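Number of protein chains: 2
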Amino acid sequence: MKRTEDTLVAQISRSLSRDANPKENARLLGPGDDAAIYIPSSKSDLILTCDWFLEGAHFLRALHPPDSVGWKCLARAVSDIAAMGGEPTCFLLSLALPQNCAGKWLESFLGGLQRASKRFNCALAGGDTTKRDEILIQLTVIGEARKSTAIRRSGARPGDLIFVSGRLGEAELGLRLLRRRPKQPLAKNAALRKHLYPQPRIELGQWLARNKLATALMDLSDGLSIDLQRLCKASGVGARISSEKLPLPVMGNTRQTSRLNRMQLALNGGDDYELLFTVPRKRVHRIPPQWRGLPLTTIGEVTRTKKVLLSLPNGRDVPLAAQGWDPFRS
Amino acid sequence: MKRTEDTLVAQISRSLSRDANPKENARLLGPGDDAAIYIPSSKSDLILTCDWFLEGAHFLRALHPPDSVGWKCLARAVSDIAAMGGEPTCFLLSLALPQNCAGKWLESFLGGLQRASKRFNCALAGGDTTKRDEILIQLTVIGEARKSTAIRRSGARPGDLIFVSGRLGEAELGLRLLRRRPKQPLAKNAALRKHLYPQPRIELGQWLARNKLATALMDLSDGLSIDLQRLCKASGVGARISSEKLPLPVMGNTRQTSRLNRMQLALNGGDDYELLFTVPRKRVHRIPPQWRGLPLTTIGEVTRTKKVLLSLPNGRDVPLAAQGWDPFRS
Chain A
1 MKRTEDTLVA
11 QISRSLSRDA
21 NPKENARLLG
31 PGDDAAIYIP
41 SSKSDLILTC
51 DWFLEGAHFL
61 RALHPPDSVG
71 WKCLARAVSD
81 IAAMGGEPTC
91 FLLSLALPQN
101 CAGKWLESFL
111 GGLQRASKRF
121 NCALAGGDTT
131 KRDEILIQLT
141 VIGEARKSTA
151 IRRSGARPGD
161 LIFVSGRLGE
171 AELGLRLLRR
181 RPKQPLAKNA
191 ALRKHLYPQP
201 RIELGQWLAR
211 NKLATALMDL
221 SDGLSIDLQR
231 LCKASGVGAR
241 ISSEKLPLPV
251 MGNTRQTSRL
261 NRMQLALNGG
271 DDYELLFTVP
281 RKRVHRIPPQ
291 WRGLPLTTIG
301 EVTRTKKVLL
311 SLPNGRDVPL
321 AAQGWDPFRS
Chain B
1 MKRTEDTLVA
11 QISRSLSRDA
21 NPKENARLLG
31 PGDDAAIYIP
41 SSKSDLILTC
51 DWFLEGAHFL
61 RALHPPDSVG
71 WKCLARAVSD
81 IAAMGGEPTC
91 FLLSLALPQN
101 CAGKWLESFL
111 GGLQRASKRF
121 NCALAGGDTT
131 KRDEILIQLT
141 VIGEARKSTA
151 IRRSGARPGD
161 LIFVSGRLGE
171 AELGLRLLRR
181 RPKQPLAKNA
191 ALRKHLYPQP
201 RIELGQWLAR
211 NKLATALMDL
221 SDGLSIDLQR
231 LCKASGVGAR
241 ISSEKLPLPV
251 MGNTRQTSRL
261 NRMQLALNGG
271 DDYELLFTVP
281 RKRVHRIPPQ
291 WRGLPLTTIG
301 EVTRTKKVLL
311 SLPNGRDVPL
321 AAQGWDPFRS
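So the sequences go chain by chain: A and B. The first sequence maps to residues 1 to 330 in the working numbering. The second sequence maps to residues 1 to 330 in the working numbering.
Since the hints were derived computationally from the structure, they do not count as laboratory data. Careful: at least some of the hints might be erroneous.
[To be verified] Below, in silico cross-link-like pairs of lysine-lysine (DSSO-like), each with a Cα-Cα straight-line distance of 27 Å or less:
(1) B/147 <-> A/147
(2) B/147 <-> B/131
(3) B/104 <-> A/43
(4) B/131 <-> A/233
Every value quoted in this text rests on a predicted model; they were computed, and no experiment measured them.
Just chain A, with the same shape it has in the complex (with noise of 0.2 Å):
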């Protein structure tokens, strides 16, 4: 007797085990029992998170490959494993899916989330899976921090510099991209690739943990305007950033847009995943302006005063507007 479910199970677990990481496997009994069993590491504390990917919220069927969902949704969760400088481990992948995807569909997305599993170095652990009318995706990854070094968003003191890394609003520029041109070639384009295919900064955030060199840490999800007030919220303080030192989204070859709508962007575009965090001013010279070729720019500083503001050109402060992605919002 055929058991759907079971063979599913036994699909993702064969898909994604094939190039899994012989370290962690030691360290992991896998999916095929009720639960995963997973021996953590004594230096390490254990950091939980987890995120949904819902069609018609967080893709489109019709828009977004399989392949680039797969990735796409671990790369997000283990963004906020990077997040706290940390490292990811395993995850735990629960599924539900329309019986007309359980073929191809299924087979790119376990594609695109294999290959993910093997760059980030992330096995799969368990999961669940379900019948539904709609693709709907959640994950939870494991990841761990040398004991005592996480970073939270609740740092951040008076004087210490903004950072952030990377150029912001350009997955957001991707998804204009690819809602204007849905079938053009992914290899011409970075904004359509970041928008597809984000690289969560996990390296980035390890070392900064490391070297104790940020005082707080958050991933830039929803978009900097939203998720720098949560970081200030978060530490009590307030902040003032320069419009002009925003690291601006690139336009290639596309089509010309104003300075003004990039920095709409940079302020307001969600699904970057560029790191923000904070230094204070005696570390600051230990950031350089390249970290293994990703820039790491300056855009402010922290604030005594709780209000985030945004310095204009002509040397007036504004009032930074949270506009970033909230769905009880829309």
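Please arrange chain B on chain A, whose structure you already have, making use of the hints.
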């Protein structure tokens, strides 16, 4: 500016931290950051599990009280930890809600979840929330088991006796009663209580693990007929169970149901969250008929042949058809 997603996260954290376990709190940096930090015990292995609990598939908004939905979503995920002989420690909640459930429904849901969290000693570590037309719930539970004591499904050996805890088919019976009379008083009916507020057998699982009594262990979530096949497949063995030995559901003051129907319920009813385990003959004397008031019943034995058979009262053995719940079959 009101950030609705952040407000919702704060409400969930507040509700669930009220009665959190201080012992666990010292080891847990819970919700509010990019990810949770958890300090695992150096004497334990981690147990990881996750579970869907979806409107329409696992519960019905019109039929199931939100308080029960809150209790049950954690209880059934915790049951997977019990099924390894582990102890739950913390959980992550992924919740997608319609806007019109963000008030009263949510409050009642969180009430049930909070009681379960307290009862199972399992604290909220983090989660993710979003908006959706239907209520989607996903739980990940982290548990611990003393090093190398977790019990898998795969250790059953020919000659071992097969045990189940409690009575089988009661939760399914409770669901049928609920469908027939949605407003009946809960207190009067054990089957209804078991359907709405299942009790994972955490202490029993731990007792079996710590005393190395069971060679294989799992929980009965989809029904004995399918779950026993899974245990046998994982162990590379078969089984013969006796229809006359099954602990049938007690009908209480409800309409009399035939013995045949009660047997069908016991074999194929899901959602009982009782434990199924195998014990080598030389250790069987250590398994009492009741454990802390919970019946433990021998229902059959593990066989060398890979068939799973049901012995009927007339002495005939028939293949046991796997008719438990499988979302991809219906």
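Worksheet entry | Violated hints, by number in ascending order, as checked against the structure | Hints 2 and 3 contradicted; others consistent.
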